[in-house]
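Chemist: Sequences and hints are given; from them, build the entire structure.
If you want the building blocks of each chain, they are given just below.
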Amino acid sequence: GNSVTQMEGPVTLSEEAFLTINCTYTATGYPSLFWYVQYPGEGLQLLLKATKADDKGSNKGFEATYRKETTSFHLEKGSVQVSDSAVYFCALSERSSNTGKLIFGQGTTLQVKP
Amino acid sequence: DSGVTQTPKHLITATGQRVTLRCSPRSGDLSVYWYQQSLDQGLQFLIQYYNGEERAKGNILERFSAQQFPDLHSELNLSSLELGDSALYFCASSVVGGGLLNTEAFFGQGTRLTVV
Chain A
164 GNSVTQMEGP
174 VTLSEEAFLT
184 INCTYTATGY
194 PSLFWYVQYP
204 GEGLQLLLKA
214 TKADDKGSNK
224 GFEATYRKET
234 TSFHLEKGSV
244 QVSDSAVYFC
254 ALSERSSNTG
264 KLIFGQGTTL
274 QVKP
Chain B
27 DSGVTQTPKH
37 LITATGQRVT
47 LRCSPRSGDL
57 SVYWYQQSLD
67 QGLQFLIQYY
77 NGEERAKGNI
87 LERFSAQQFP
97 DLHSELNLSS
107 LELGDSALYF
117 CASSVVGGGL
127 LNTEAFFGQG
137 TRLTVV
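Taken in order, these protein sequences are the chains called A and B.
Just so we're aligned, residue 164 is where the first sequence starts under the numbering used here, counting upward by one.
Just so we're aligned, residue 27 is where the second sequence starts under the numbering used here, counting upward by one.
Be aware that one or more of the hints could be misleading.
Stated by the list, open to error - Which residues of chain B face chain A? A partial, calculated answer using Cβ under 7 angstroms: (1) S57; (2) Q74; (3) R81; (4) S120; (5) L126.
Honestly, the hints are just simulated from the structure, not real lab data.
We put the beta carbon where it would ideally sit given N, CA and C, even for glycine.
Modeler: Given below as structure tokens:
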């Protein structure tokens, strides 16, 4: 079945450091890929998405590129801020499916220290 | 604010009891999804309704059930509660029922259920 695997956290970085959170997926079809962010005490918010191979999703300085050959969708940011501290979830949805359900990775906690 | 409203925000109940969680989707969204977030299982898809009909089922226990009403709000009923049911339950909504190609799912803030 379909699945998503994320690097384990927590990830602790200093402000302005470079961030990479690895995400790989297994899918029988051709999925859309997403990164969601969960700030403390809040629900999930869509951070970025990509719907086909080689697409790059970007938002708020975060980027991720859909790599079909390596089945990956790694999240990167060049310079993190304290306000980026949150839990990040990689997820997939089957594009041609009759359901919009999301399959999530286990989440990666990011803590950014001043 | 995502536009998805979940009530209550917190719920504490005893084992063996039954509770109902409520979700109001964003205006215009026809699909409602329920997810469970727990420390050991992570974020798991439970069930989806689209325009009043069940569309997809995930890892939902038989003790749990859901429905979507004509006004499109949804309720998740959890019965014979066990300690292991303690979790954060999220509702999400989307315009479409199928793959999220040109749209997205919007999440509520969740209901934190504690079973004691």
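Chemist: Which of the listed hints are not met by the structure?
Modeler: none
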